[in-house]
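4 protein chains.
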Amino acid sequence: MKAARDIDPNYQDRVRTSFARQEFMRTIGAALTRVSPGMIELEMPFASSLTQQHGFLHAGVVSAALDSACGFAALSMMPANAGVLTIEFKVNLLAPGKGMRFIFRGEVTKPGRTILVTDGRAYAVDADGEAAMIATMTATMMTIVGRDEVKD
Amino acid sequence: MKAARDIDPNYQDRVRTSFARQEFMRTIGAALTRVSPGMIELEMPFASSLTQQHGFLHAGVVSAALDSACGFAALSMMPANAGVLTIEFKVNLLAPGKGMRFIFRGEVTKPGRTILVTDGRAYAVDADGEAAMIATMTATMMTIVGRDEVKD
Amino acid sequence: MKAARDIDPNYQDRVRTSFARQEFMRTIGAALTRVSPGMIELEMPFASSLTQQHGFLHAGVVSAALDSACGFAALSMMPANAGVLTIEFKVNLLAPGKGMRFIFRGEVTKPGRTILVTDGRAYAVDADGEAAMIATMTATMMTIVGRDEVKD
Amino acid sequence: MKAARDIDPNYQDRVRTSFARQEFMRTIGAALTRVSPGMIELEMPFASSLTQQHGFLHAGVVSAALDSACGFAALSMMPANAGVLTIEFKVNLLAPGKGMRFIFRGEVTKPGRTILVTDGRAYAVDADGEAAMIATMTATMMTIVGRDEVKD
Numbered sequence: 001m002k003a004a005r006d007i008d009p010n011y012q013d014r015v016r017t018s019f020a021r022q023e024f025m026r027t028i029g030a031a032l033t034r035v036s037p038g039m040i041e042l043e044m045p046f047a048s049s050l051t052q053q054h055g056f057l058h059a060g061v062v063s064a065a066l067d068s069a070c071g072f073a074a075l076s077m078m079p080a081n082a083g084v085l086t087i088e089f090k091v092n093l094l095a096p097g098k099g100m101r102f103i104f105r106g107e108v109t110k111p112g113r114t115i116l117v118t119d120g121r122a123y124a125v126d127a128d129g130e131a132a133m134i135a136t137m138t139a140t141m142m143t144i145v146g147r148d149e150v151k152d
Numbered sequence: 001m002k003a004a005r006d007i008d009p010n011y012q013d014r015v016r017t018s019f020a021r022q023e024f025m026r027t028i029g030a031a032l033t034r035v036s037p038g039m040i041e042l043e044m045p046f047a048s049s050l051t052q053q054h055g056f057l058h059a060g061v062v063s064a065a066l067d068s069a070c071g072f073a074a075l076s077m078m079p080a081n082a083g084v085l086t087i088e089f090k091v092n093l094l095a096p097g098k099g100m101r102f103i104f105r106g107e108v109t110k111p112g113r114t115i116l117v118t119d120g121r122a123y124a125v126d127a128d129g130e131a132a133m134i135a136t137m138t139a140t141m142m143t144i145v146g147r148d149e150v151k152d
Numbered sequence: 001m002k003a004a005r006d007i008d009p010n011y012q013d014r015v016r017t018s019f020a021r022q023e024f025m026r027t028i029g030a031a032l033t034r035v036s037p038g039m040i041e042l043e044m045p046f047a048s049s050l051t052q053q054h055g056f057l058h059a060g061v062v063s064a065a066l067d068s069a070c071g072f073a074a075l076s077m078m079p080a081n082a083g084v085l086t087i088e089f090k091v092n093l094l095a096p097g098k099g100m101r102f103i104f105r106g107e108v109t110k111p112g113r114t115i116l117v118t119d120g121r122a123y124a125v126d127a128d129g130e131a132a133m134i135a136t137m138t139a140t141m142m143t144i145v146g147r148d149e150v151k152d
Numbered sequence: 001m002k003a004a005r006d007i008d009p010n011y012q013d014r015v016r017t018s019f020a021r022q023e024f025m026r027t028i029g030a031a032l033t034r035v036s037p038g039m040i041e042l043e044m045p046f047a048s049s050l051t052q053q054h055g056f057l058h059a060g061v062v063s064a065a066l067d068s069a070c071g072f073a074a075l076s077m078m079p080a081n082a083g084v085l086t087i088e089f090k091v092n093l094l095a096p097g098k099g100m101r102f103i104f105r106g107e108v109t110k111p112g113r114t115i116l117v118t119d120g121r122a123y124a125v126d127a128d129g130e131a132a133m134i135a136t137m138t139a140t141m142m143t144i145v146g147r148d149e150v151k152d
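Residue numbers (the working numbering), protein chains in the order written: chain P, 1 to 152; chain A, 1 to 152; chain L, 1 to 152; chain S, 1 to 152.
Among the clues, some could well be false.
Claimed, not checked - Heads up, simulated DSSO-like pairs for lysine-lysine below, C-alpha to C-alpha not over 27 Å straight-line:
hint	chain 1	residue 1	chain 2	residue 2
1	L	110	P	110
2	P	98	S	98
3	L	110	A	98
4	S	110	P	98
5	A	110	S	110
6	A	110	L	98
7	L	110	A	110
8	P	110	S	98
Please keep in mind that the hints were generated in silico from the structure rather than gathered at the bench.
Required output: the full structure, derived from the provided sequences and hints.
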């Protein structure tokens, strides 16, 4: 499905450089753990600074990490001179964000030229290393070319 | 629309106490600026720790603040012994998160007994005090009663 | 909000002609009752051919009419040579689709050049003429120019 | 993931009976082609009565069939005395609804006691029998017990 598309040979660098510029990923402690064409994974340890009123990971943190994973999955399939913008996303919260650490995977479902549809899944990993899916996202991403404020 | 519902006379306290327990709202610098039955407003200054790769507010921060605004709007209409859980939400990003400060409003559109549908809007305020809408949210909230880990 | 945009003086005709070509609107009995720049209304009588298993209007019919209302609201603000495509939408079902007739309103919330964000509301009207909101939609529409299979 | 749940041994009958009561599925020509616990498939031939202005399947028809597939996937995992209600859904339209016939699959992603999260995919099949994915849905379903107007 992601076959017929030319992948920029430099996509790894572009994704890593752009991710490094997302200060909010640093704020929540998220690291890039996997970068392949059309698929990105992030990981993040639990931190009490990221919680909602019941002590679980705030849904907004889950969304932020999923949005970044989906956005960079899209960027990895875009031409070298393009930037990515999130048009919209939807998140379903399946289980409380309770765990030692969290994994966020974003994948391109439909790599259109202008519009890319992506899907993400978030997992909580407990003390025994067991992972449970806690959220899903569908996000619509847009390729932006030639707008100075939006590159990578 | 929100008429036929008994409002817990103590709703202000419950919302403020619950909000104070959301450590992530402190992390992003959001404050509760308006609490009325079925309607909540939050405000937050810009901070570079909250940005994406182009220097704008990260979509995940916008989502987090809108989710909290919508969730507390729902909680304000729930019975005294209930807690609120986000089932899902959808965000549309209308304009870059560029501004001096940001306002997030959440409102209950349909106050069902178990399921409450809420809508949120986010605004960026520039140096001249002009506000521009930057995002909309629709969020589905659920009333939880008698589950120990979910109160308020 | 819809101010700074030039409206094609011929927008009424374009919307009515395009609506007339949507055979599915005829199949469900929907008529165009209001056409203004950025705002469209449709109406439809109840019919048992449109029901789900409990005898109410099927959620898919509600979505179809809201999608058309939102899509034509977007088309009304597009240049004369443009066509409209739905990228995605989200529907919240607030109450059963029970009524004598139904009203669907679509409005442009953000009229971007390429991407237009629209919001829709559906109402059921009972035998006494009382209207109750039964669903809300947020839909993302795209302007298509120069693709032969997509005009109007 | 769908393991730990007791499946009503009579689920096949309940799904088929309930589907047969959805008159709108008859109106659009959809048939139930696969019923297993947590997974449903529908099929439908192309018909010009189901089209939008460019002659493709109307997005509302795609939504209706996906909503039914997802709803019955949820119902198949519910207790014998329960009915299913759609709370909300989101659809992404990936490609024009152009084909000889269409396949709609709904699957339960998270089978909660009250809330079930489902995902759907729609495919267009061309004259050579090649299938292409044209839409995805995420839908939130609710188990209803003891409300007379909502059974099955």
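Right, here's what the structure says about each hint:
no.: 1; hint: L:110 x P:110; result: holds (25 Å)
no.: 2; hint: P:98 x S:98; result: violated (44 Å)
no.: 3; hint: L:110 x A:98; result: holds (17 Å)
no.: 4; hint: S:110 x P:98; result: holds (17 Å)
no.: 5; hint: A:110 x S:110; result: holds (25 Å)
no.: 6; hint: A:110 x L:98; result: holds (17 Å)
no.: 7; hint: L:110 x A:110; result: holds (23 Å)
no.: 8; hint: P:110 x S:98; result: holds (17 Å)
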